[in-house]
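K.L.:
Residue-level listing of the chains:
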Amino acid sequence: MIGLGFRRDLAEEMIAYKGDAFDFVELAPENWMNLGGYWKTQLDQIAERYPIFCHGLSLSIGSPDKLDYAFLKELKVFLDRYQVKTYSEHLSYSKCDNAHLYDLLPIPFRQDAVNHIVSRIKEVQEMLERPLIIENVSYYTSVAAEMEEHEFISQIVTNANCKLLLDVNNVYVNSFNHGYSSKEFILQLPLNHVEYIHMAGHEKISDDLIIDTHGQDIIDPVFELFEWTSRQISPVPVLLERDFNIPELPFLEKELGQLKSITSKAWKKQPVR
Amino acid sequence: MEKAARSLNPETHRIQSQLAEYCKTGKTQEIKGALPDRLHNYRRLVFNVIFDIMTNAYPITRNLFGDRWKEFLQRFFIEHKCQHYQVWKLPEELLIWVKNADISEKTEFPFLTQLLEFEWAEIVVYNGADQEIPKTINHGNWRLDDLVFNPYYYLINLSYPIHKMPLRDAQKEIGNYCVILLRDLKKLNVKVLEFPLFFGTLMGQLNSSKNLHLAALDTCAMLQLELTPEIEDQISKWINQMIEKGFILGYRTTA
Ligand SMILES: [Fe+2]
Numbered sequence: 001m002i003g004l005g006f007r008r009d010l011a012e013e014m015i016a017y018k019g020d021a022f023d024f025v026e027l028a029p030e031n032w033m034n035l036g037g038y039w040k041t042q043l044d045q046i047a048e049r050y051p052i053f054c055h056g057l058s059l060s061i062g063s064p065d066k067l068d069y070a071f072l073k074e075l076k077v078f079l080d081r082y083q084v085k086t087y088s089e090h091l092s093y094s095k096c097d098n099a100h101l102y103d104l105l106p107i108p109f110r111q112d113a114v115n116h117i118v119s120r121i122k123e124v125q126e127m128l129e130r131p132l133i134i135e136n137v138s139y140y141t142s143v144a145a146e147m148e149e150h151e152f153i154s155q156i157v158t159n160a161n162c163k164l165l166l167d168v169n170n171v172y173v174n175s176f177n178h179g180y181s182s183k184e185f186i187l188q189l190p191l192n193h194v195e196y197i198h199m200a201g202h203e204k205i206s207d208d209l210i211i212d213t214h215g216q217d218i219i220d221p222v223f224e225l226f227e228w229t230s231r232q233i234s235p236v237p238v239l240l241e242r243d244f245n246i247p248e249l250p251f252l253e254k255e256l257g258q259l260k261s262i263t264s265k266a267w268k269k270q271p272v273r
Numbered sequence: 001m002e003k004a005a006r007s008l009n010p011e012t013h014r015i016q017s018q019l020a021e022y023c024k025t026g027k028t029q030e031i032k033g034a035l036p037d038r039l040h041n042y043r044r045l046v047f048n049v050i051f052d053i054m055t056n057a058y059p060i061t062r063n064l065f066g067d068r069w070k071e072f073l074q075r076f077f078i079e080h081k082c083q084h085y086q087v088w089k090l091p092e093e094l095l096i097w098v099k100n101a102d103i104s105e106k107t108e109f110p111f112l113t114q115l116l117e118f119e120w121a122e123i124v125v126y127n128g129a130d131q132e133i134p135k136t137i138n139h140g141n142w143r144l145d146d147l148v149f150n151p152y153y154y155l156i157n158l159s160y161p162i163h164k165m166p167l168r169d170a171q172k173e174i175g176n177y178c179v180i181l182l183r184d185l186k187k188l189n190v191k192v193l194e195f196p197l198f199f200g201t202l203m204g205q206l207n208s209s210k211n212l213h214l215a216a217l218d219t220c221a222m223l224q225l226e227l228t229p230e231i232e233d234q235i236s237k238w239i240n241q242m243i244e245k246g247f248i249l250g251y252r253t254t255a
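From first to last, the protein sequence lines are chains A and B.
Residue numbering for the first sequence follows the working numbering, starting at 1 and increasing by one per position.
Residue numbering for the second sequence follows the working numbering, starting at 1 and increasing by one per position.
Next comes chain A alone, as it looks inside the complex (with noise of 0.2 Å):
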């Protein structure tokens, strides 16, 4: 299964879309919720038409402060409305001492975060009463670090057993900005729990950052390295993200059709999880 992430430059061409080049469609449960008029309905046509995959983007599970109920309810709401199972979510932190930022910011790999992150994952999960998929992110500098970050990673989802959402343009860009190897970073991670992963593009601002933008085409070593990796997994669905200079969904026809053809050589015959 591919995917294409729902975005309002592009909806009335989704909705509108004939041909076969994504299985599904991915949101942001925020930009979409109490939602009416014009938007809602886009929002209903395209449920009609693929089944809704949730990426959010405030719930803060690395956050020191307390879990949001308030919006934890309205979100079982919206999921259940969409009949939403995939659920994801960032493992970064976006509100802090009681201030959103509306952005993701890197957690400290240390244990004691493992620990408070495992329990909030928890309890996330007993009240949406769905998996919770938690997405490695990309980030620019790592802050009071005390263990690796694929040990941060792997601690989180295997001591709270919930599922891992692959972003492997965002290994890609983690491994250039931290100088790391992707591959083995990518070995290092319990793959058995990988249930979704991500591609995007992103951009090179100078000669050792890359930005996670979201708003280029794939580069040919990310496409390599997603090859790879459908390798080392069991199938998922997949999905292209792209949030900015979104081009015509010809263009991005393309783009997926990539992805699709790599997905089959890679997974013949082995269904999607």
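Worth flagging that the hints you see were computed from the coordinates, not collected in a lab.
Since this is a predicted model, take the numbers as computed values, not measurements.
Glycine is no exception: its CB is placed at the ideal position from the N, C-alpha and C atoms.
There's no promise every hint is true.
[Stated by the list, open to error] DSSO-like, lysine-lysine: derived pairs with alpha carbons at most 30 Å apart: (1) A:Lys76 / B:Lys89; (2) B:Lys32 / A:Lys66; (3) B:Lys32 / A:Lys40.
[Claimed, not checked] Looking from chain A toward chain B, a few residues come up when the C-beta cut is under 8 Å (computed): (4) Gly36; (5) Tyr38; (6) Lys40; (7) Pro108; (8) Ala113.
Based on these hints, arrange chain B with the ligand on the given structure of chain A.
P.N.:
Here is chain B with the ligand on its own, set in the frame of chain A:
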């Protein structure tokens, strides 16, 4: 002690707070184990979100501020703790911040809060959650029967007619303007209606007293008028006009 704080060491919490604080204020402080030359990217990315959402929500205000818009938003972001988990609702927090804050721009642009509220009202009317609308018929007796109003509207009293002329001109036309922003139920866009004082006051009364006849009596009392047959006739005509414009959907029916 809060449930979530139990497993996190105070030091880890402090480091997370420092990073968040830096993103909000841009005030550099040493953050343990962080690369100082990379941190500014976070400040930039976080502020970009705020900048984009406010610029889209408040295009007229943005033009008014010109080059000073960014600095204005930075001040907001430093002083205010953003509360809403849905970022599209954040512009309302800028409006409330401006209403409560002691800022020189309110003297410089005395219409600033009205302008922000007018721009925010459009978002509320366009995006507001859908509601169940009762069944209606087109004819009835407004003195006895319940009228059904289009639920997606925002009533705003303006002293500057920013809804119908450029800001420059609106400053010379100070008055009392009762304006309603209304969702068109077919096109789903937002249109603006202006009411004469009588009907603006009537709408304000209707919210509290429900029935139009009682509201009309209260309005007349407020404006020191008597509810004469002429005024009643004008109300009837207004109702028909409002049905045409989609502000009144008709008379409630159970059929
Ligand atoms: Fe991602």
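K.L.:
For every hint, state whether the structure bears it out.
P.N.:
Okay, the hints, checked on the actual structure:
1. Distance restraint check for A:Lys76 and B:Lys89: the Cα-Cα separation of roughly 19 Å lies within the 30 Å cut-off, and the hinted pair is therefore satisfied.
2. At roughly 23 Å between alpha-carbon atoms, B:Lys32 and A:Lys66 fall within 30 Å of each other, so this suggested pair holds.
3. Note on B:Lys32 and A:Lys40: the hinted pairing is violated, with a Cα-Cα distance of about 45 Å set against a maximum of 30 Å.
4. Taking 8 Å as the C-beta contact cut-off toward chain B, the hint placing A:Gly36 at the interface holds, the least distance being around 4 Å.
5. Proximity of A:Tyr38 to chain B holds as hinted, the smallest CB-CB distance being about 4 Å (cut-off 8 Å).
6. A cut of 8 Å between beta carbons decides the hint on A:Lys40: the least distance to chain B is about 6 Å, and the hint holds.
7. Interface hint at A:Pro108: satisfied, since its Cβ lies 5 Å from the closest Cβ of chain B, which is below the 8 Å cut-off.
8. With its C-beta approaching chain B no nearer than about 6 Å, A:Ala113 sits inside the 8 Å limit, and its interface hint holds.
Consistency note: the structure conflicts with earlier hint 3 alone.
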